[in-house]
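Number of protein chains: 2
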Amino acid sequence: MNDVSLTKTEMLMNSLRDRIASRALGPGDRMPSIRRFARTMGVSPSTVVEAYDRLAAEGIIHARRGSGFYVTGRNLPPMKVAEMGATRPRNVDPFWVSRQSLDPRPGALQPGCGWLPENWMPHNELRKGLRALAKSGEAVLTNYAGAHGSLALRQYLLGRFAEENLPAAPEQVMLTASASQAMDLICRLLLQPGDTVLVDDPGYFNFHALLQAHRVRLVGVPYTPDGPDLDAFEVILTDNTARLYLTNSALHNPTGATISPQVAYRLLTLAGAHDLTIVEDDTFADLEPDPSPRLAVLDGLNRVLKIGGFSKTLSASIRCGYIAGGADWIDALVDLQVATSFGGPSPVAAELLAGVLSGGSYRKHLVEIRGRLSSARKSAAARLAPLGITPWTQPRGGFYLWCRFPEGIDTGEVAKHCAQENVILAPGNVFSPSQSAASFMRFNVAQMADKRVLHVLENAMAAR
Amino acid sequence: MNDVSLTKTEMLMNSLRDRIASRALGPGDRMPSIRRFARTMGVSPSTVVEAYDRLAAEGIIHARRGSGFYVTGRNLPPMKVAEMGATRPRNVDPFWVSRQSLDPRPGALQPGCGWLPENWMPHNELRKGLRALAKSGEAVLTNYAGAHGSLALRQYLLGRFAEENLPAAPEQVMLTASASQAMDLICRLLLQPGDTVLVDDPGYFNFHALLQAHRVRLVGVPYTPDGPDLDAFEVILTDNTARLYLTNSALHNPTGATISPQVAYRLLTLAGAHDLTIVEDDTFADLEPDPSPRLAVLDGLNRVLKIGGFSKTLSASIRCGYIAGGADWIDALVDLQVATSFGGPSPVAAELLAGVLSGGSYRKHLVEIRGRLSSARKSAAARLAPLGITPWTQPRGGFYLWCRFPEGIDTGEVAKHCAQENVILAPGNVFSPSQSAASFMRFNVAQMADKRVLHVLENAMAAR
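Just so you know, the protein sequences line up as chains V and D, in that order.
Here the first sequence stands for residues 1 to 464, where the numbers follow my numbering.
Here the second sequence stands for residues 1001 to 1464, where the numbers follow my numbering.
FYI, nobody ran anything at the bench for these hints, they're computed from the structure.
A few of these clues could be false.
[What the hints assert, rightly or not] Keeping only pairs whose Cα atoms sit at most 27 Å apart, straight-line, the calculated DSS-like set for lysine-lysine is:
#1 V/K364 - V/K378
#2 V/K128 - D/K1135
#3 D/K1135 - V/K364
#4 V/K135 - D/K1451
#5 D/K1451 - D/K1378
#6 D/K1128 - V/K135
#7 V/K135 - D/K1378
#8 D/K1364 - V/K128
#9 D/K1378 - D/K1364
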């Protein structure tokens, strides 16, 4: 009996430690009243008293006579980002997918990851680039770059933007350590804790984790095969003072959908009426078979900031991203990057990228992987169909296929089963702030060649 | 008359926009009363009324009947980090030094910068490393690293730590994009806006800018030639609930001083009594002639987090830093890095570093630059002496010389003069939260070979 009550106290203490670590209870906050908390947790008031007394002995909370217990702000357990504001079960947690994809067990298959297999990448060009770099001047090898980052790579980007009918000046483009860090800098500049940010539902899970780290309020906008649902968007904007909207216009992650010109135009009009800043993540642009509408282009980098990177088509080992936007914003973002990281990507890495991107064979490489992806998409859809798994839309390009599972199947459960067999999947709710995508799954069609993927998936669906 | 009043209104509007941009006036804050503000600014109340009306028309502020004007939080101009909480004149602003050092005009001399000249760096080893990398496996060239970063580089670091008598497990070390970003991640994990952080006065200016970006309260601890002034430290800890103390134990930036064993021990005891976490920045470690006391070693990575990088002795073009600390903290920091940057340094860059660092010639390179620095230090001191500029302490190593100027000279003014002649200096108050170092200057002895440095400096001192 004594053992059981001890366990309950410890469970309660752990739960409270978690709430304090996640800052759900911040320094100075009053702890829940003993009677009410006992009722909520289904324990006796004496168990709560014991837990509070022991946490007070650890210095985490302290009693004020006649007024209850308060969080001290000392001896704080470290904040676990994964727990910040997260109500998700750990199995469909964004960090579950990221960490398992980045640190797979040997032999893991990764149809849930967000990149191409290594043998799809342009190795010969990278090797050639490294050899060329070995012969470059001393400054490139050892010095910091300018605060905006490698001029060669920025000039390449300006050329690409011009091709897209997006004129921009050199001072409107800066390099960052990654596309994620580009988003992170923008959040630091424009957001304050408690601000409202609109994201696509479903949308890229790691951006949701990033926004949670900024302690902002995420509001999901339902996503349609033509872009965000603008009727819902308008209602949300009317009810909320939103500061920022983050989206992929082309080859949206996870659905692979692409915004239509009509939605793009109306979206910008709405954003103008509500003074909303838009971040357009163009990470998948080079996988498009031909150009589609871009918010940044229509808007001319006025209220739209464009971000992107090179990890999807060139190398994830050369970390580099960029931001294009109004010159004032870029200037402030450069200051912020100097303060927080003293610069963006490795200059030596940026020079390597500039060399490979400007070389003639990069476009050929793109044509080749687009062709391979088109076949892989068809093949994956054909192999998933017999399991009753069907694409929600037919993407124009890219490596994602967002699929609906048969009625009654929870893809979070399926992913958990498959993880035990060392097949790492990306279940729908990881992408959904409203947790309304339990019957969806994002497949990376380039990572499904191994027959074991379908085999393990089928077994997991049967095992439920 | 009309023109003049228009100009005054616009000046007022610009000043108010700045205060709103810097969040000195945050969303929801009440604007100063018209009568009081007019008196403060030396303008007529009608000018203030006009400025408020026009800012209201722009949506930046709004009137509440009978209660005054309030900041709306909409149409916010972007926040300028340089302005956050800064009361410094722009000429001794940390960003002034960083941005001028990173983006120098052609022909600039940089005795104020924080790095060695390019021709001091180990180019042959870097070129050899790049050629070896060109032959490495596909995964290294194109894939993400594990979430903690390159295993090869972490193993090298663990070996170095073991030599320093600091045993650590692989999961206690993570790579970051830079030493600054290491500090940034730690701030994000451990700090909340308004927290108190102790820094050395003088101390590294860019860390002050970084901490200001986190909106924490900086309290400067006076620095002595043996480390922080512990009597002052104790008084500060008694008066403040401080969360973090950030310092360099060895070859402190900007003074070049090194902590004594007695100060190190007593400092840790104080930190323990006040539950203070310490970040020890070991960036200059490899420039030491022989090892000096380390807080991280004494403490065994319990309440001390150790950070560092490779830009001072190997290459600033290969951006990479690290954090060593308790495994729980590192685990949370890795999550945070995945969320905010989806990884640390370029894996390809980390492999390059690991190769060069593990190669036999890196230690020889260190012996060589230590010798060159020792001569350069003596030579710089000898050339500064005739101007009445004297070292505050004799550093054991490194490239900094923290010097006192003759009575009555403001080094900020001297730096401004010299900048016009394209000689970029680092005046003392850039390093001083209390702005008490106006008669000091930090010299980089490795960047003073050009005779023009002393010549321009002498002229600037005469010109005041």
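Comparing the hints with the structure gives:
1. V/K364 - V/K378: Distance ~22 Å between V/K364 and V/K378 Cα, so the pair holds.
2. V/K128 - D/K1135: holds, 10 Å
3. D/K1135 - V/K364: The given pair, whose Cα atoms are some 23 Å apart, holds under the 27 Å limit.
4. V/K135 - D/K1451: violated, 31 Å
5. D/K1451 - D/K1378: Answer holds: D/K1451 to D/K1378 is near 16 Å, not above 27 Å.
6. D/K1128 - V/K135: Holds, at about 10 Å.
7. V/K135 - D/K1378: Answer violated: V/K135 to D/K1378 is near 35 Å, above 27 Å.
8. D/K1364 - V/K128: With Cα atoms ~30 Å apart, D/K1364 and V/K128 exceed 27 Å; violated.
9. D/K1378 - D/K1364: This hinted pair holds, its Cα atoms lying about 22 Å apart.
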